[in-house]
Amino acid sequence: MTDFTTWDILRNLLLAARWTVLLSLVSFIGGSLVGVALLFARIGKSGGGRAFVKAYVEIFQGTPLLMQLFLTFFGLGLFGIDVPAWLAAGLALILWSAAFLTEIWRGCVESVAKGQWEASSSLGMGYLQQMRWVILPQALRVAVPPTVGFSVQVVKGTALTSIIGFVELSKAGTMVTNATFEPFTVYGFVALIYFCLCWPLSKSSQILERKLNVAHRNH
Amino acid sequence: MSLIEITEVKKRFGDNEVLKGINIDVAPGEVIAIIGKSGSGKSTLLRCINGLETIDEGSISVAGAQLLPDELHLKALRLKVGMIFQGFNLFPHLTAGRNVMLSQMVVKKTPKAEAEGMAKKMLERVGLAHKFDAYPDQLSGGQQQRVAIARALAMQPIALLCDEITSALDPELVNEVLSVVKELASEGMTLLMVTHEMRFARDVCSRVVFMHQGRVHEIGPPEKVFANPATPELKQFLGVIH
Amino acid sequence: MNYAFDFGWLFDYWPVLVKGILITVELTLVGGILGVSLGIACAWARALGPRWLGAIVATYVELIRNTPFLIQLFFIFFGLPALGVRMGELEAANLAMVINLGAYGCEIIRAGIQATPRGQFEAGASLGMSRIQTFWYVVLVPALQRIWPALSSQIVIVMLGSAAVSQIAAEDLTFAANFIQSRSFRAFESYFVATLIYLALAIGLRQLLRGLGWTIFPRRAAR
Ligand SMILES: Nc1ncnc2c1ncn2[C@@H]1O[C@H](COP(=O)(O)OP(=O)(O)OP(=O)(O)O)[C@@H](O)[C@H]1O
Ligand SMILES: [Mg+2]
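Protein chains in written order, with our numbering: chain A, 1 to 219; chain B, 1 to 242; chain C, 1 to 223.
Hint data in this document are derived by calculation from the structure and do not stem from the laboratory.
Check each hint, because a few of them may be wrong.
Straight-line Cα separation of at most 30 Å, DSSO-like style, residue types lysine-lysine; simulated pairs [as the list claims (entries may be wrong)]: (1) A/K114 with B/K235; (2) A/K54 with B/K182; (3) B/K80 with B/K112; (4) A/K114 with B/K20; (5) B/K37 with B/K20; (6) B/K80 with B/K109; (7) B/K20 with B/K108; (8) B/K75 with A/K45; (9) A/K114 with B/K224; (10) B/K108 with A/K45; (11) B/K10 with B/K20; (12) B/K37 with A/K45; (13) A/K114 with B/K112; (14) B/K10 with A/K114; (15) A/K114 with B/K109; (16) A/K114 with B/K37; (17) A/K114 with B/K121; (18) B/K37 with B/K182; (19) B/K121 with A/K45; (20) B/K75 with B/K108; (21) B/K10 with A/K45.
Restraint-style ranges between C-beta atoms, simulated for each label pair [said to hold, decoys possible]: (22) C/K19 with A/Y127: 34 to 44 Å; (23) B/G58 with C/Q114: 32 to 42 Å; (24) B/D133 with A/Y127: 25 to 35 Å; (25) B/H93 with C/Q114: 41 to 51 Å; (26) C/L212 with B/H130: 20 to 30 Å; (27) A/K203 with C/E91: 31 to 41 Å; (28) B/H93 with A/A55: 30 to 40 Å; (29) B/H93 with C/D6: 53 to 63 Å; (30) A/Q206 with C/G119: 37 to 47 Å; (31) A/P137 with C/L212: 38 to 48 Å; (32) C/A150 with A/P200: 45 to 55 Å.
As the structure is a computational prediction, the values presented were derived from the model and not from experiment.
From the three backbone atoms N, C-alpha and C, an ideal C-beta is built for every residue, glycine too.
Bound conformation, chain A alone (with noise of 0.2 Å):
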């Protein structure tokens, strides 16, 4: 047991990393689908779903992530199932990163100017064909950027899983580090691999959204 070399712990600790990449994965891709849905609600007409939207992203931008992650946990088990770790990470993930994602989106939506609305309906176009051709191409290229910068959010998230007995990148570190003594080293590890993932998605974020601003400023 004491016999860990440096290579051992990298090793072990590579090997976690990859739930952390499918956690990460799951939680943003489920999070975009129930984003949309989330976001068509939101812009929507009716005044029932644009206040649960509003309610929804209220209480999930305002509570700690680790919190909802507990209540999932233990709320499922209210249910009488036994919830496996994964479960309850993935889904209180999925939440999370929907609420912060519709946001985001509702913001891009609104960036597109008022006057492609009004031409759009003078050249008699409906509400749903208005979207479709119109106004979600626009935002769509102005979400790309925020959206990528948020999916480093999702990985940084997943660490907290660790909390609820999800074995990833953080809870293999403290496993590991119980293992050798070693936590300067090992948590060195940890948060190197952690920047390995996030930093091309940070960076791809600025550079994306720079070429944006390029963009924008030929009009």
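Mind docking chains B and C with the ligands on chain A? Use the hints.
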């Protein structure tokens, strides 16, 4: 018979009554200039005719059909009346050609080939056939406005509403847009245009409407309105302009 | 689902909750004030400081923004003692929050500074102000005013993120909820109550920061 009948139209924004009972009848083929001070309600009037704002009282009918605020009636109206905006409002993610094709295909369900043919014809008409594949940000303001005109024309409207369509343009680009409008007028298109181009109004329009504080303050042929203003408000307005 | 909700334990355990709330508030206060100060210093270094300092700060900012708060916390609390740097849970929690907010604050404030028109620097200089004075009055205050909403949201995010400090046994609100659920066996209810308190704290903090913005930047309030 008049093509557009505006009867006792009133429009409020909260407590602010912007249109206080407007009456105008527009005959087919007429070209009407709407002039007046900033805030007198010119844009609001055009927007009401196009159903972008709902009116509080009175009625508007186009080609005998009453303007009602439900989706079906609005769509029918907008197929008959096109609108051109001060800020062009081209769709920036589509080429000039696609801008002209989109509403034909989406609203009228015109087959693509046919819509494309129409788009080419309309761009040709505004002198921009060679810009079919250019994106709006590759065009000058004057060219963008001409594409916007082509886009409205492609829906084959019986009347066009133009709200200060040259105000956002550099002076040297104003004429290329006005000459397109003049061409349309001579072909018999019915036009209602808010404009600050007094010379253009005098030369091209059949009637001039002077709006003041939400009312039609004076209306008449340009010779009369410009040469013999009857009210002190119009006199003052024309004095300020010249 | 045949589960009877029971909030009777609240009666026995409310002092634990109150203590937890106070610690979360303390962490947020210290983290907020020192974190924003650090953010200002870093933004200065990146925007106007010497190049080498700017590079160091940029590295720090990237490192913090691309790793989870939980790992930063573990590194400080469990890792640093290997270098002989030892501290209690609360100090570690405070330090982690300051470092975290400092990095995000730096980027937010820097964006505000970059939006300051160039001419403002020269105007300040031409009035005979020193570089520091120019930075403070001409650059920083308008920049802060511009980005105050973004900075406020970040402070709220850091407050909510502080729930993780329970993992190094800092006795914050989440720690209290953990403690209560382990005694009362009412896990869902404990966390539910804690969540509601966090929500109230977040809403309150947001209002507080908005009010603070109005007092610090009265020009905006007038509008
Ligand atoms: N959406 C709106 N909500 C509230 N008030 C409005 C709205 N649109 C216009 N108004 C008000 O209605 C009045 C008339 O506006 P309108 O745009 O019709 O004037 P205008 O004659 O076109 O002026 P300009 O020459 O400046 O374009 C103004 O006082 C304006 O503030
Ligand atoms: Mg106007």
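Structure-based check of each hint:
1. Restraint check for A/K114 and B/K235: not satisfied, since their Cα atoms lie roughly 36 Å apart, outside the 30 Å limit.
2. The suggested pairing of A/K54 with B/K182 is violated, with an alpha-carbon distance near 51 Å, which exceeds 30 Å.
3. Among the hinted pairs, B/K80 with B/K112 is consistent with the structure: their alpha-carbon atoms are about 21 Å apart, no more than 30 Å.
4. At roughly 26 Å between alpha-carbon atoms, A/K114 and B/K20 fall within 30 Å of each other, so this suggested pair holds.
5. Among the hinted pairs, B/K37 with B/K20 is consistent with the structure: their alpha-carbon atoms are about 16 Å apart, no more than 30 Å.
6. For the given pair, B/K80 sits about 16 Å from B/K109 by alpha-carbon distance, which is consistent with the 30 Å threshold.
7. Proximity of B/K20 to B/K108 is assessed by CA-CA distance (about 36 Å); at most 30 Å being required, the pair is judged violated.
8. Proximity of B/K75 to A/K45 is assessed by CA-CA distance (about 18 Å); at most 30 Å being required, the pair is judged to hold.
9. Under the criterion of a C-alpha separation no larger than 30 Å, the hint pairing A/K114 with B/K224 is inconsistent with the structure, at around 38 Å.
10. A hinted pair counts as satisfied when its Cα atoms are at most 30 Å apart, and B/K108 with A/K45 qualifies at roughly 24 Å.
11. The hinted pair formed by B/K10 and B/K20 meets the criterion: a straight-line CA distance of about 5 Å does not exceed 30 Å.
12. Taking the CA atoms of B/K37 and A/K45, the gap is about 36 Å. The hint is violated against a cut of 30 Å.
13. Straight-line distance between C-alpha atoms of A/K114 and B/K112 comes to about 28 Å, which keeps the hinted pair within the 30 Å bound.
14. Distance restraint check for B/K10 and A/K114: the Cα-Cα separation of roughly 24 Å lies within the 30 Å cut-off, and the hinted pair is therefore satisfied.
15. Straight-line distance between C-alpha atoms of A/K114 and B/K109 comes to about 25 Å, which keeps the hinted pair within the 30 Å bound.
16. Under the criterion of a C-alpha separation no larger than 30 Å, the hint pairing A/K114 with B/K37 is consistent with the structure, at around 24 Å.
17. Only pairs whose Cα atoms come within 30 Å are accepted, and A/K114 paired with B/K121 is accepted, the gap being roughly 29 Å.
18. Proposed proximity of B/K37 and B/K182 is supported: the alpha carbons are some 24 Å apart, at most 30 Å.
19. Between B/K121 and A/K45 the CA atoms are separated by roughly 38 Å; this puts the pair beyond 30 Å, and the hint is violated.
20. About 10 Å separates the Cα atoms of B/K75 and B/K108, which keeps this hinted pair within 30 Å; it holds.
21. For the hint pairing B/K10 with A/K45, the CA-to-CA distance comes to about 26 Å; that is within 30 Å, so the pair holds.
22. The supplied range of 34 to 44 Å is broken by C/K19 and A/Y127, whose beta-carbon atoms lie about 53 Å from each other.
23. For B/G58 paired with C/Q114, a C-beta distance near 52 Å fails the hint of 32 to 42 Å.
24. B/D133 and A/Y127 have their C-beta atoms about 30 Å apart, which keeps the hinted 25 to 35 Å range intact.
25. Roughly 28 Å separates the CB atoms of B/H93 and C/Q114, a value that falls outside the hinted 41 to 51 Å.
26. Between C/L212 and B/H130, the C-beta spacing of about 58 Å breaks the proposed range 20 to 30 Å.
27. A/K203 and C/E91 have their C-beta atoms about 33 Å apart, which keeps the hinted 31 to 41 Å range intact.
28. At roughly 33 Å, the beta carbons of B/H93 and A/A55 sit within the given window of 30 to 40 Å.
29. Taking 53 to 63 Å as the suggested C-beta distance range, the pair B/H93 and C/D6 conforms, at roughly 57 Å.
30. Distance hint for A/Q206 and C/G119: a CB-CB separation of about 27 Å, inconsistent with the stated range 37 to 47 Å.
31. Between A/P137 and C/L212 the Cβ separation comes to about 40 Å, which falls inside the hinted range of 38 to 48 Å.
32. Taken as a hint, the range 45 to 55 Å is violated for the pair C/A150 and A/P200, whose Cβ atoms sit roughly 24 Å apart.
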